[in-house]
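Protein chains in written order, with our numbering: chain A, 1 to 668; chain B, 669 to 1074; chain C, 1075 to 1320.
Since the hints were derived computationally from the structure, they do not count as laboratory data. Keep in mind that a hint or two might mislead.
Stated by the list, open to error - Here are some, though not all, of the chain B residues that point toward chain A, as calculated from beta-carbon distances under 7 Å:
id: 1; residue: VAL838
id: 2; residue: TYR854
id: 3; residue: PHE856
id: 4; residue: PHE1033
What the hints assert, rightly or not - Label pairs and their in silico Cβ distance ranges:
id: 5; chain 1: A; residue 1: LEU455; chain 2: B; residue 2: SER1001; range: 22 to 30 Å
id: 6; chain 1: A; residue 1: ASN228; chain 2: B; residue 2: SER878; range: 54 to 62 Å
id: 7; chain 1: C; residue 1: LYS1129; chain 2: B; residue 2: ASP1023; range: 52 to 60 Å
id: 8; chain 1: A; residue 1: THR494; chain 2: B; residue 2: SER878; range: 51 to 59 Å
id: 9; chain 1: B; residue 1: ASP1023; chain 2: C; residue 2: GLY1090; range: 52 to 60 Å
All values derive from a computational prediction rather than experimental measurement. We put the CB at the ideal spot given by N, CA and C, even for glycine.
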Amino acid sequence: MRWVQILAVLVVALMPPALTAQEGASLAPAEASADLDEIQALLQEHRELIEESSRRTIAPAIDALASSGLPAAREVLRNWQEKELWQRQSDGLFFFVREAEGDDMVHLIDIATGEVVGTVDDGDLDQLKPNSGIRGLIGGALVQFQLRDDDPAMRAEGLQAIERGPEEGHLGILRTMIQEESDATLAARAERLERLMTISFGESEDARIEAIASFRGDTGVDVRAALNPLLATRREVIAGEAPEQPEGNLARELRPGSEALSRMDAYAMLVSADLAPAPMDASAQKSALAANIVDGRVGGIPVAELNTVKARDRAYIALASAGTVAPAATEAEIDAALESHSFLEWYRTPSADITRAAETTLGSIELALASSQGADLLLDALSLASIYFLAAIGLAITFGVMGVINMAHGEFIMMGAYTGYVVQQFVPNYTISLVVALPLAFAVTFAAGVALERLVIRWLYHRPLETLLATFGISIALQQLAKNIFGTQARPLTAPSWLDGALSFNDIISISYIRVAIFVLALVFLAFILLVLNRTRLGLEVRAVTQNPRMAAAMGINTSRINMLTFGLGSGIAGIAGVAIGLFAQVTSELGQGYIVQSFMTVVVGGVGNIWGTLAGAVLIGFFQKGIEWLNPSNTLAAQTYMILFIILFIQVRPRGIVALKGRAAEA
Amino acid sequence: MGDTFLTRRRSTPIFLICLAVLVLVVTLMSEPAGTGAISTSFLKTLGKTLCLCLVAVAMDLVWGYTGILSLGHMAFFGLGGYMIGMWLMYERTRLIVAESLAGAPIPPTDGEIVSAIASQIFGVVGSSDFPLVWMFAHSLPLQLALVVAVPGLLALVFGWLAFRSRVTGVYLSILTQAMTLALSLYLFQNDSGLRGNNGLSGLQNIPGLSGLPQSVISLWFFWGSALALALGYIFAAWIVSGKFGSVIRGIRDDEARVRFLGYPVEGFKLFVFTVTGIIAGIAGALYYPQAGIINPAELAPIASIYLAVWVAIGGRGRLYGAVIGAAFVSLVSTWFTGGQAPDIDLGVYTIQWVDWWLILLGVSFVLVTILAPQGIGGLFDLATRRRRKTSTGPDAGSLRAPEAAE
Amino acid sequence: MTQLLEVDGVSVSFDGFKAINNLSFSIGPAELRAVIGPNGAGKTTFMDIVTGKTKPDSGSVLWGARNRSLLKMSESQIARAGVGRKFQRPTVFEDQSVFANLLMALKKTRGPFSVLFYRPSSEDADKVRELAGQIGLAAQIDRLSGELSHGQKQWLEIGMLLAQEPRLMLVDEPAAGMTPAEREHTTDLLKRAASSCAVVVVEHDMDFVRRLGCRVTVLHEGSVLAEGSIDHVTSDPQVIDVYLGR
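Same shape as in the complex, but just chain A:
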């Protein structure tokens, strides 16, 4: 039998270190045999329950194992949970098994010592297959072992198990753990969990109320999950008035016909409590009538006349008085029945103090949630505003400086996005491709803008409406061209991984890094444009041309060149905006179209010819749109509709935009 011993040593060596350490001491032969008896005996004691394997009845067996204090108990429980506990049919003894050579042959392993005690055909063995309910219970029992574990990760796992399925029994273990816990994070977590569980399982009402109060303003989902069941209610209908001093925790009395309890719901409660006869609905009445047609008449009324509600009622009453059908409750009877009963809503939690405390805490949580949501909304609005700013700033430059409406601006945005996409086809590294794409998109759309200015717009100065239409022609041609080249399906423009994810401040306030990046990009562009316009020779000339083109020309400024460069600059910025927008939206040929009206609105609302105006317009529109979405979150289409209506009305008040130029030049 020498090889058996060698194998046993090997098995011990292969066991998980924790187990080995724990069992190390108990492997002395004498103790081992005693232990074997004890754990096996325990299992045998609960053999029937274990074999029955029902979630309802299994609890004593698990509890016995968990509280036995036997070193092997944890291993047995774990294996049981993982469906690795087997039972020998012949004598009902429990074993672990390991596959052996040969068909269907397995090694039997003693559940206490971990020694291989034989090799058998698995036909003689039954695998215990606890259902998920039982596995949950076993998991709960295992928690106490985990919480006592030396490994912090194991303890964290144990806490997580309790968080998932807190039970009254865990509270004691948890409290013991808190006292011994050395890891501060885990201690805090356990402490919070302990308070949370005290809400449901606390020994005294005071302790529970204290725990409830301690969570004021805590926005965690778990807190709300623990508090809401406390405020669960049930409804009851009683005859007569509501009692002066109700026995139990009365939440409120409901009035039939109120928002909380509709008239028909109230009557349905009466009906289901057998306090009133069922009402007659139209279809039941109709089928009752149809079932009693006699010689083309119902209750003496010709069928052809039964096309009004009144005639049907009369026919039904006639039938009822003849005893053919059961009388139905009339409206007056329904009212009387509702009048003579009271509808009460009771808290399921008997203690009024606890429900009151829970309501107070939930109220404060609502408040905290609302302020967090407000902050989140502000972030959203800010990011939307920066997108609008990016999309509109190029337009603002061309419109403001040249008085030219470029309907193809949206297509320049699209071009920028496609440039980004094409670059990614050649440069696989997303970070590098982004670094390449930004200037390249600028260059491509700058060139396209210059070409458009030279070929089309130059011929149409002082004919703004025709410029609008001609650039629209360019816009549909470019859109179709993009469709022909890239197809109609959306192309991805993937952000580098460091832009994945979100910057989150708590459960509610978070903002994706892409949006942060766009915000930063918008700021950079604002600075860039201000710098170019206010600090460079080009900017000086641009401003001169904006204010008085003839005078500027007379001063020796090449206005034609300035117009060309301005248009190129505006278009180039659109290209960069396109790359930015493409990062979070799908790149399609219609990408730009979705932004063009909003961009125009931004420019018009902000006031033409002023960068700060565009910024103000973008902020106003972004915040306003998010505000409407917040009021009516289900409907973003409605938000856009109302936003446009708002803009139309806004222009009534400030026809020249937020930042309006004054003076003779501005008055048309």
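With chain A held as given, fit chains B and C onto it using these hints.
What follows is chains B and C alone, placed relative to chain A:
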């Protein structure tokens, strides 16, 4: 003075004669006449084209003559279609429902019929109640009145707000575009009461005429569209012929000057904007029963821009130009996008017109704008050697005051 | 004698620049007045205020015997009340005939509906022809006004002004770009007009003003510098300083 506006403008009688000849020829070639040289579907296309010509006349009035580049007239067109579509859909569903309920042992109440119609119509948007906007849908005369009233009222209110605050030029264009966008986005919602993006369908089945073949109904609609175009054209010609025409062209060329002559410019603009909105609504009400379906995409801003493109290509500032532009571009567009146009094989690449038509349209539109602002209508000037020296449009325009540009 | 137009203490500024500074001005019912002043003196802005194009920051503009305030009225209302204006650059409707231009200006109800149903009667047509004769454009009556010479356009505009039958005419540099013969004719036209209504002529040209032979108001930096006969103002040292000093 003995002359009337009809004799003074030779183009109007010529146009009417051409239209009459077209109607006669098409009628003789149609299926009901027995020859069938023109298929029913092409007859419908022709009828729809006449409606588009009518809305183009309205567009020319508001843009070519008054200088307001409205990018919203197709929204009025669509609203007219929706208004008539509501009755068509209600009445047809009512007939179907009445038929299906006729077999029931107990005759239905009015309430039951209405709710059955409602669940038929609004089942697709998960509702079974009639929204408030359908309150007149049961009545043809009321709904016909709405064809005029709804676009007219929208144009009146929007125009009043816009003109009152002196929004002009490109600003006004963008504002009208925004209005159109807002309207179409609103209609896209399921709870707008007009079936969201499903729109209204089955409009080609005229209630009470189920016994007639589509070929006959199409011919009737063709006649109706031709009549409407003729009346609309005469009305527009009458408006632009006299002093009113002088004033609105004055507004187009120099709004401030007209104001200093004492004319309430806003009132004139509002009048033209509203009247053309109504004409567009009527055109839409004739168009969509021939098209059979209307959905919010038809009201999208792009449609109104196409309308401007038609008028520009045809030649604005002359009514027949608008008609020619609308007919030419929409028929050519049908031809190209319908796949009838032959592909061009370049060896390396085959140009398929379905893909390239829009590019051709866009580019040719740009070329027309730059090189031939008079559009196709300008060809008639060459023929008659009539010289039109000045541009037809607000040039330096309302964006920059003339004195500021000095 | 009550004044037709009383401008009192009017100021307006554009982005901090005071275009009109506490300006007071009045004119009687049938008076010819010349307003002169260097560039930027506020002549055009003054006209803009009277015709309602620009709203002043402060001050009052009163009109007629009943002293109605023009500040609350729109441009077209002011024009209908009897203030006619001729712009610096001739602005006539270039793609319409001389006849149509004059007919449009003819004093009639201006509402959209009455205009829509208006058809010229033979008296109206005669009146237009008579006006065309006065401004020397009888032969050009059916030509497009865009085809006229610069001077003819100026006359057409004056003709349109006369057709309006205003009680006050504001005429901005009527003689700019005219030949001496054309100037003569213009002077006659204005003098004749001044017999039936008040005329304010803004002009640079001293010779032209002298030929008008009327009271002169000198504007400088948005307010009245001097007022009186042409000889009086030209001898005023301040005026000389302003015109010649810098």
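Hint check results:
no.	hint	result
1	VAL838	5 Å, holds
2	TYR854	4 Å, holds
3	PHE856	5 Å, holds
4	PHE1033	4 Å, holds
5	A:LEU455 - B:SER1001: 22 to 30 Å	24 Å, holds
6	A:ASN228 - B:SER878: 54 to 62 Å	58 Å, holds
7	C:LYS1129 - B:ASP1023: 52 to 60 Å	55 Å, holds
8	A:THR494 - B:SER878: 51 to 59 Å	56 Å, holds
9	B:ASP1023 - C:GLY1090: 52 to 60 Å	57 Å, holds
Violated hints for the displayed structure: none, as all numbered hints are satisfied.
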